[in-house]
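Chemist: Input sequences plus hints: build the corresponding full structure.
Protein chains in written order, with the UniProt record's numbering: chain A, 1 to 376; chain B, 1 to 376; chain C, 1 to 376; chain D, 1 to 376.
Keep in mind that the hints were calculated from the coordinates and are not lab data. Each hint should be verified, as a subset may be incorrect.
Note that the list lumps identical chains together, so a pair holds whenever it fits in one copy or between two copies.
What the hints assert, rightly or not - Taking lysine to any residue and the SDA-like style, the derived pairs with C-alpha atoms no more than 20 Å apart in a straight line are:
hint: 1; residue 1: 52; residue 2: 4
hint: 2; residue 1: 220; residue 2: 153
hint: 3; residue 1: 5; residue 2: 36
hint: 4; residue 1: 220; residue 2: 245
hint: 5; residue 1: 5; residue 2: 58
hint: 6; residue 1: 5; residue 2: 60
There are 4 protein chains.
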Amino acid sequence: MTKPKLRIGLIGSGFMGKAHAFAYSIAARVFDLPFELELHTIADISDEAAAKAASALGFARATSDWRSLVVDPAIDVVNITTPNALHKEMALAAIAGGKHVYCEKPLAPLATDSREMAEAAEAASVKTQVGFNYLCNPMLQLARDMIAAGELGELRGYRGVHAEDYMADSAGPFTFRHDPAGGGALADIGSHALATAEFLVGPAAGPITGVMGDCVTMIKERPDGKGGRRRVEVDDVGRAFLRFANGASGSIEGNWIATGRKMQHDFEVYGTRGALAFSQERFNELHFFSTDDRRGRQGFRRIEASPDHRPYGLFCVAPGHQLGFNDLKAIEAAGYLDAIAGRQPEPFNFRAGLRIQTLVETIHASSRAGTWKNVP
Amino acid sequence: MTKPKLRIGLIGSGFMGKAHAFAYSIAARVFDLPFELELHTIADISDEAAAKAASALGFARATSDWRSLVVDPAIDVVNITTPNALHKEMALAAIAGGKHVYCEKPLAPLATDSREMAEAAEAASVKTQVGFNYLCNPMLQLARDMIAAGELGELRGYRGVHAEDYMADSAGPFTFRHDPAGGGALADIGSHALATAEFLVGPAAGPITGVMGDCVTMIKERPDGKGGRRRVEVDDVGRAFLRFANGASGSIEGNWIATGRKMQHDFEVYGTRGALAFSQERFNELHFFSTDDRRGRQGFRRIEASPDHRPYGLFCVAPGHQLGFNDLKAIEAAGYLDAIAGRQPEPFNFRAGLRIQTLVETIHASSRAGTWKNVP
Amino acid sequence: MTKPKLRIGLIGSGFMGKAHAFAYSIAARVFDLPFELELHTIADISDEAAAKAASALGFARATSDWRSLVVDPAIDVVNITTPNALHKEMALAAIAGGKHVYCEKPLAPLATDSREMAEAAEAASVKTQVGFNYLCNPMLQLARDMIAAGELGELRGYRGVHAEDYMADSAGPFTFRHDPAGGGALADIGSHALATAEFLVGPAAGPITGVMGDCVTMIKERPDGKGGRRRVEVDDVGRAFLRFANGASGSIEGNWIATGRKMQHDFEVYGTRGALAFSQERFNELHFFSTDDRRGRQGFRRIEASPDHRPYGLFCVAPGHQLGFNDLKAIEAAGYLDAIAGRQPEPFNFRAGLRIQTLVETIHASSRAGTWKNVP
Amino acid sequence: MTKPKLRIGLIGSGFMGKAHAFAYSIAARVFDLPFELELHTIADISDEAAAKAASALGFARATSDWRSLVVDPAIDVVNITTPNALHKEMALAAIAGGKHVYCEKPLAPLATDSREMAEAAEAASVKTQVGFNYLCNPMLQLARDMIAAGELGELRGYRGVHAEDYMADSAGPFTFRHDPAGGGALADIGSHALATAEFLVGPAAGPITGVMGDCVTMIKERPDGKGGRRRVEVDDVGRAFLRFANGASGSIEGNWIATGRKMQHDFEVYGTRGALAFSQERFNELHFFSTDDRRGRQGFRRIEASPDHRPYGLFCVAPGHQLGFNDLKAIEAAGYLDAIAGRQPEPFNFRAGLRIQTLVETIHASSRAGTWKNVP
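Modeler: Written out as structure tokens, the structure is:
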């Protein structure tokens, strides 16, 4: 039985463009996908760059005109991995072209734009995906399942952080990530901490209902790349207190000037009967404390990723061999393809991406106001 | 040359009473103390309890009347290790009796009481000490020295936590720690997180100037010990955003319902040139990241306590052998005795204890108001 | 410029067959390979199994006749991932057919067979590869480079282990891995420990020149799969003392009954100026101690995999994102393809595979004799 | 009820002399000892040194004549903390004087001497103790109890190491520890690894019955302290394969040139149903894997020392506060005092110390012979 073809268009070939291309390749080998994938066209900033990327990443065609890509009738899915400010225009055009759209996070710099995108996608009945790839880790799915199954008892507290140091050097130039409209550490990586928080505890504790934000700019200006300096207004550190629907409370921090940290996407969840602790620095492990263990033998238990934790076993039949970052992205792609085929709901669609933008903006608003805000 | 005698009176023989007695014994062996110590009198709730404690802890005399102890002309130093609500009365009486006073933390449930105690001590020119024992760890002193010496560069961010689970069981009874006047997780152990924050970064980043608090009661009532239930109003989790004088920002959390955590007194400090990470769960280690390390060889370095880190070498001449909790308490006692002898300033006197209470109360007030508060 | 085609034949579609298929797919995306790869034919035990595997793993053709595959003029490289006892016959046939051969480890159960294979390949001037995939970790390459560059000073000691628990259950059946000719824990996974030892320290300390073995059978019989029991003669634990050419000494252990261990492929290397420690359980980290660090700041430093450590950056441009097991296999495949293209020497050819078998057999012989043996 | 007095004499006031003095002080506070201790006399190399030590360590009298100390009728227990070569003469003299003797390890450089000492003590019916202090860790007692109770199932494998780096610098001078008669890393610290091995698994797997040794001298000569160089013959690294009475096998390593290691006294024990892993670098933790945990939730569990693990609770009533090295020594002293009082058997008497010397010498003999040796 032959599978239907699904033709992929990709806009952008940087860090995340490559990650999408890798993800499809890996997914096609690892999963029993519902489609035969065709890497159809890649668009980049120039013909030359696009041609080079097509060759490197395995796309059959290349273009410097993303507008032609998003209306190409031969293309089924459009992947958007360009700077954030371009997401909206590209996504709306692709949706208008009837394409499914897989957009990198953040969905758009502003929640209003994100909403427009989500509504357009829903009106057009296309399937969408936003790239919150850390959620695709089998150990996070395990954590979520354990929490939902009550293995921690009733949830009481949450602590999350996403800290890196890629903006720690004040000599680094002003980039699109510093754009006052939607930039900053909270939006860029604090968003991961927020996504993880609701992903994990949402089913058990309900959504985040209130936030108190603390967004701080530590590096006040940066080289503008033209010999001058440019004022920076976005946050280098964005913190929030959280309130969940069930009354549990917590906090998150997004921080891109945390010298020495490369991938501190960590969380701790505390319930009445147990706790979980996790660090992306060792993301093939989940640490689990249970009050069910007998007295004198209790302790945080280091669970290593194994075929017991789906879909690890599709990558490797033996425990302890470990997944890498590109594998997480492949899981994300596979889930999205299943959603396109109607096999499952969209794992993290534009509406979910809007939700994160809403949380980010509510935290920003709270920080500016210096008071708690309800999350709309 | 014989040393002058210093006669110790101790009120209380529970967890902290024992710790004080152990501390003096260890300090007398390990340090070249300025005094010959005499464990003179111990006071406890009854004659019988006091006699038993005296025998166990090596005090020559016992009494059930703490009031007689604090005015006994034979006693030089009064140690107070009773429930928090009693600290003030006992300390003021001891100060009035001309005694030096070594009081367990928190100094008093309320800052106003703490201030009265600090001012009385200063007026009487007696030497005081409050028991923030975790500060006495050589690795914390190392961290403070490194920060002060600029090894991290300019300070930018701080994350602190003190989480345990001794109140996680909602079937546990209402105790003095739940007293609406001064109880709660923030006061009880969040205070350690605050003390550590200012201890470490104060010399470099200045004091905490502003706070935004988030204090949450998760267990709303507890058994009252008489067959009924009693409403709990104090916080089970107390969080705060922090602002330091130099503009650096941070956060702390005090949490006594963190299931599975026994001694998560942790911090991370980030500067422009480096970072430190520490956990009391492994308190003979300090983790240090330096951008001075060459490219491709950078990473958090696990520094193990050794004779290079004073006063570790007095306990053991070989590295890696490790100090225990009672050793930290002995370092605290030794520092205090040096202060009494005029060899050094008081390491953490009542004024410093008042400072912590002020921080706690400002966080409480901020939490109630839902807005930032300047720290007086 | 189009690349020459390289057509791949794969025999076997189990754990390692999949890993080879994944490896080529990932390598084709991640690396600038010298060839355009074509997954040409897969051979498996039956037509049905082969067809299914071809579909799953992306091969164009399927066959149940591996003999036809190895002589198919359309095929350039033959990958052998079948049980160990079949490696020799298949490899010799493929070499006779003029194919390059990429064979899973161990090369063959016996060193004599391995030698025959290595000599045949060399005589035929085909390029060969044996799958010691853990060596392909950028952190191991880093370790080797550091050692070779003298960052540890003169090498003195080595400790290696490869322990798992996949044979810990005595109710598990007798398999080809228990075959008296070439089976056992030392051959199966102790071989990894040996390969890593020589890979890391060989350039600096020279090869292993002498061994003293200790091979122990703990589970004396196993179910034979036909309702009976079968005697087991191979080692469940195989240890060895090692002597290197420069006089340094060390030890390794292979252990497949280490309950709880999933991937304890660990090593520690000690030199006069520093040390390295590594665990495959956290294989994106390397721990480095240097006496060059200043006094009071020394400690094992956790270096996280980053673009500074080639070829990590081809997988991900940002540090800390981590590689997975299949990525290691892709690095292995890419290195082999470069060798086929003449860009570099074979990374781990049949001659190197023979070396490992020789070490394994010398250890076995030493264990049987109860005395040290020189390694031929 | 007053306790009988026990008067302590101590010979030596270096590292271990201090540790003994500290141990008695701590023990007297922490434990309900059967005696009232009196630190009676300390002997050191000169009158001046002895007087200074007496003052520092709390002994009432000082002498430069250890011979007078060991026959002083006022003294009940003699503690020997001098260089190894002096142990025998001092111990025999003390035993002849009717004293109980608490001797630092190793009992004597040679097993024949150790035997003489053990037999003399037994003939004189005095109580003896040898200072294998790491065994006194509550987490080791826990490990032993768990193994004895069958929580790991049937024992199969053991891996132990004791590695430090205090002899790693080849510029360090020749000391008594390099004495050809009884010196070397195996005797000095490998002995700890041996003691721990039998302590833990002895009750379940029986004693070590056979050994194969590998003792290596890496630093062939050292400064002799007089401007010349002196040849070193003792081992810098001493390894052994082990066979236990029940058929389980294992290995240990003693290594005093392991650059970067300060206290790597580690072990792993594997049984049919579980495993334990421990490092003295974090000695308030024990890691436990149990196959009884449910599938998908298995993992090594970090058990933190707590009042559930005797006698931790006597030091601190709260979990997670941690013991230090001097506390371990206090537990050792307390156990010995209980043995003197007849409350329990001697925890680690001269006969046990002889056992370790016998193991060390058998390993040395095996290493020299290059063959396995049965342990007498």
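Chemist: Now tell me if each hint is right for this structure.
Modeler: Against the structure, the hints:
no.: 1; hint: 52 with 4; in the structure: between (28 Å within a copy, 17 Å between copies)
no.: 2; hint: 220 with 153; in the structure: between (45 Å within a copy, 17 Å between copies)
no.: 3; hint: 5 with 36; in the structure: within (5 Å within a copy, 22 Å between copies)
no.: 4; hint: 220 with 245; in the structure: between (36 Å within a copy, 17 Å between copies)
no.: 5; hint: 5 with 58; in the structure: both (16 Å within a copy, 14 Å between copies)
no.: 6; hint: 5 with 60; in the structure: both (15 Å within a copy, 17 Å between copies)
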